[in-house]
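Mapping the sequence shown onto numbering that gives the first Met the number 0, position 70 (from 1) lands on 69, and the numbers just tick up by one.
Be careful, since some hints might not be right.
[As the list claims (entries may be wrong)] Just the calculated beta-carbon pair ranges, DEER-fashion: (1) 233 with 126: 13 to 21 Å; (2) 141 with 49: 23 to 31 Å; (3) 229 with 117: 13 to 21 Å; (4) 11 with 199: 16 to 24 Å.
[As the list claims (entries may be wrong)] Derived pair list, reagent style BS3-like, types lysine-lysine, alpha-carbon separation capped at 30 Å: (5) 103 with 199; (6) 128 with 149; (7) 128 with 173; (8) 200 with 181; (9) 149 with 199.
These aren't lab readings, by the way, just hints derived from the structure by calculation. A virtual CB, placed ideally from N, CA and C, is assigned to each residue, including glycine.
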Amino acid sequence: MLVDLHNHVLPGLDDGPTSELEAMLLIQNAVKNGVTHIVATPHHRNGQFNQDANEIKNSIHVLNSLLQEREIPVTILSGMEVHLHGEFMEELETEILTLADSMKYILIEFPTQHIPQFTESIFYELQLKGFIPIIAHAEKNTEIRRHPKKLLDLVNKGALVQVTASSVCGENGKELKKFALKLCQHQMVHFIASDAHDVKKRPFLIQQAYLVIQRKLGNEMVKYYQRNANHVVDGVEFVTLPPRLVETV
């Protein structure tokens, strides 16, 4: 099983595919990358897109039916990428989908430039309720790059971290590649995911990223990231490697 935990494959729901055809092409791109399970994570509450949980599940049902008809060997599971906002806890029970219906893991996006002041308190409340926050594309956040200890503090308090395959591969520039790999080297990363949006500009690069990780850190780290993603789909907690502080880039 090869799981991708962060992507935008559902047609017409956010800035991913605009049509069913585009969605199917993107999903086939995932299959070529060896992905067997796609956890679809459309944007929610990011200032542009607000999702309806039932609409997400209906879209997934339609795509899974098409995939079965065409005998394409991949399964789509539900989720969302939730922009961290002040009303997060109020929405938790009614509007927010956990990853793969795990009732445990939630993919959370920070603003690009900073970490919201209420992050720690919301993460604490989430964990009291039995949820585990996963910080999406942490390497892209400016404040995290300038002050990586702030990310370390969140990890030490139970948050998990995802970095983007395209950053690991260098598609987002040398600085992001360098920082993403440093986070990996210092065991502050728990998942590699594609954040795929389209075939041309933001495709699934998950296999390429794992090859980079294998060359830089060894095959055991690749297995670690893959196992962790499998555990999310299974809805179980898992032991993580002890993180170490990254010096600023």
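A range of 16 to 24 Å was offered for this pair. Does it hold for the Cβ distance of residue 11 and residue 199?
Given a distance of about 18 Å, which is inside 16 to 24 Å, the answer is holds.
Is 13 to 21 Å respected by the C-beta to C-beta distance linking residue 233 and residue 126?
Holds, since residue 233 and residue 126 (Cβ atoms, about 19 Å apart) stay within the stated range.
Are the Cα atoms of residue 103 and residue 199 separated by 30 Å or less?
Answer violated: residue 103 to residue 199 is near 33 Å, above 30 Å.
Satisfaction of the hinted span 23 to 31 Å by the C-beta atoms belonging to residue 141 and residue 49:
25 Å, holds
Would you check the hint for residue 128 and residue 173, treating anything up to 30 Å between C-alpha atoms as holding?
With a Cα-Cα distance of about 39 Å, the restraint between residue 128 and residue 173 is violated, given a limit of 30 Å.
Straight-line Cα separation of residue 149 and residue 199 no greater than 30 Å?
34 Å, violated
Would you say the C-beta atoms of residue 229 and residue 117 sit inside 13 to 21 Å of each other?
31 Å, violated
Given hint residue 181 paired with residue 200 - CA-CA distance at most 30 Å:
25 Å, holds
CA of residue 128 to CA of residue 149, is that 30 Å or under?
Roughly 23 Å separates the two Cα atoms, so the pair holds.
Of the numbered hints given earlier, the model fails hints 3, 5, 7 and 9; all others are met.
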